[in-house]
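Q: For the record, the sequence lines run as chains X and S.
The opening residue of the first sequence carries number -18 in the working numbering; numbering runs sequentially from there.
The opening residue of the second sequence carries number -18 in the working numbering; numbering runs sequentially from there.
Certain hints may be false.
Copies of the same chain are indistinguishable here, so a pair counts whether it falls within one copy or spans any two.
[As the list claims (entries may be wrong)] Result set (EDC-like, lysine to aspartate or glutamate): computed pairs, CA atoms no more than 16 Å apart in a straight line:
no., residue 1, residue 2
1, K35, D185
2, K204, D(-5)
3, K195, D10
4, K164, D(-5)
5, K183, E168
6, K202, D58
7, K59, D130
8, K197, D129
9, K183, D157
10, K204, D79
For the record, the hints were derived by calculation from the structure and aren't laboratory data.
Quick caveat: nothing in here was measured; it's all calculated off a predicted structure.
2 protein chains.
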Amino acid sequence: MATQRVPIIERIMDANDQLSLTVRKQLDDAGILGVNIMASPGAGKTSVILATIKALMPEIRVGVIEGDTAPVTIDADKVTALGMPAVQINTGGDCHLDAVMMSQGLAQLDLTGLDMVIVENVGNLICPAAFNLGTHINVLIASIPEGDDKPYKYTNIYRGLDVLIINKIDLLPYIDFRMDYFKQGVELLNPGLITFPVTATKGDGIEAWAAWLKSKIVEQKSKAL
Amino acid sequence: MATQRVPIIERIMDANDQLSLTVRKQLDDAGILGVNIMASPGAGKTSVILATIKALMPEIRVGVIEGDTAPVTIDADKVTALGMPAVQINTGGDCHLDAVMMSQGLAQLDLTGLDMVIVENVGNLICPAAFNLGTHINVLIASIPEGDDKPYKYTNIYRGLDVLIINKIDLLPYIDFRMDYFKQGVELLNPGLITFPVTATKGDGIEAWAAWLKSKIVEQKSKAL
């Protein structure tokens, strides 16, 4: 009797990673750029998202998925006030979004006519880093008042980034923030990381970030053709 | 045959809660006040702790347990520079401390001669709220640049507080922060919560907070006699 070959299945990815591929395909098929925005609470995720939408309006249409640990629609309301669709996800206390919630969020958005979906992840520098959502671009918003030592303390989230936005630059004169020390930490974890310094509430620096984003949107659209 | 009585055990507390009682007893027996400091990354936990130690020195001796997700001793080094003992706990990526880590941290501190142990929890507004450490006082440090909507978004952590410190008060002139709106949110979740406005890096407001803490230290010592 010939030895029977036993199939060996290696656990290459977990369920979340698996589902994130489905989400990615859904976005790709629709020619939509998916952007995952992460930050500490109060670093200015919503302010950056609002300023970005305004900078790209009316040419680019943006849908927003808002993650929160509580059932509040404070952020989503600000997005719909600009005439863009928004979905609120209440994680029920969980410290991050995952591919399941992302998938459910997308199902609630009419993707027709959208060019980009921005996900506002839960305000947290730890948990969101471990959960792939299927988006194309991982963005972290750091902020000046948080202090210059954050890359050294929250290494995992910095390692996985495609873009870093440094917000609240206007507060630099009032805060002891060593930009060299901060950037040195970032460079150690993520060499050559694309970085945009901004003050979102005043719109300063948003133009460059929005232009970069627009080039990615055009790129994504061309792939879907 | 008489019906046998079946013992019913209700799961009243989980393992972490159970262990936190042991930690609490250890602190009580030593007459040491345990203070758990929670905050978003960069709200100023370390700055408040350093200012507090300075305000209470040399009469009160403080040990500090520093929680971080990465193996960095940036914060612990600042404490030992003041001549107080510090222990660094690396959670290995976990978003909070728990009673096990707290117990291990205490084991590394010489409790003889200490009046207070301050725990600097991991920078996070979600996870730490769910894990009892056995400390006596839960403190949250909110900060002005985080924005005035945080109590509405991170309800669980506000509900469990004994004290709220509002840090970076000196940035109020440069930031659109509605103090009434903020305090209304806090009041809904935790009526009558003791609150100290401070600017830790300048020492402003620390005196009142330190005096309150000192009264609690005296109280705790008198219980151990």
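Q: State for each hint whether it applies.
A: Quick rundown of the hints versus the structure:
1. K35 - D185: Answer is within; shortest intra-copy Cα gap is 13 Å, inter-copy 39 Å.
2. K204 - D(-5): Cα proximity of K204 and D(-5): none, with 27 Å in one copy and 51 Å across.
3. K195 - D10: neither (18 Å within a copy, 63 Å between copies)
4. K164 - D(-5): Neither. Shortest intra-copy (33 Å) and inter-copy (43 Å) distances fail the 16 Å Cα cut-off.
5. K183 - E168: neither (27 Å within a copy, 31 Å between copies)
6. K202 - D58: neither (28 Å within a copy, 51 Å between copies)
7. K59 - D130: Classified as between: cross-chain Cα gap 13 Å, same-chain 31 Å, threshold 16 Å.
8. K197 - D129: Neither: 29 Å inside a chain and 34 Å across chains, both beyond 16 Å.
9. K183 - D157: between (21 Å within a copy, 12 Å between copies)
10. K204 - D79: Close neither inside one copy (25 Å) nor across copies (47 Å); limit 16 Å.
When held up to the earlier numbered hints, the structure conflicts with 2, 3, 4, 5, 6, 8 and 10 and fits the remainder.
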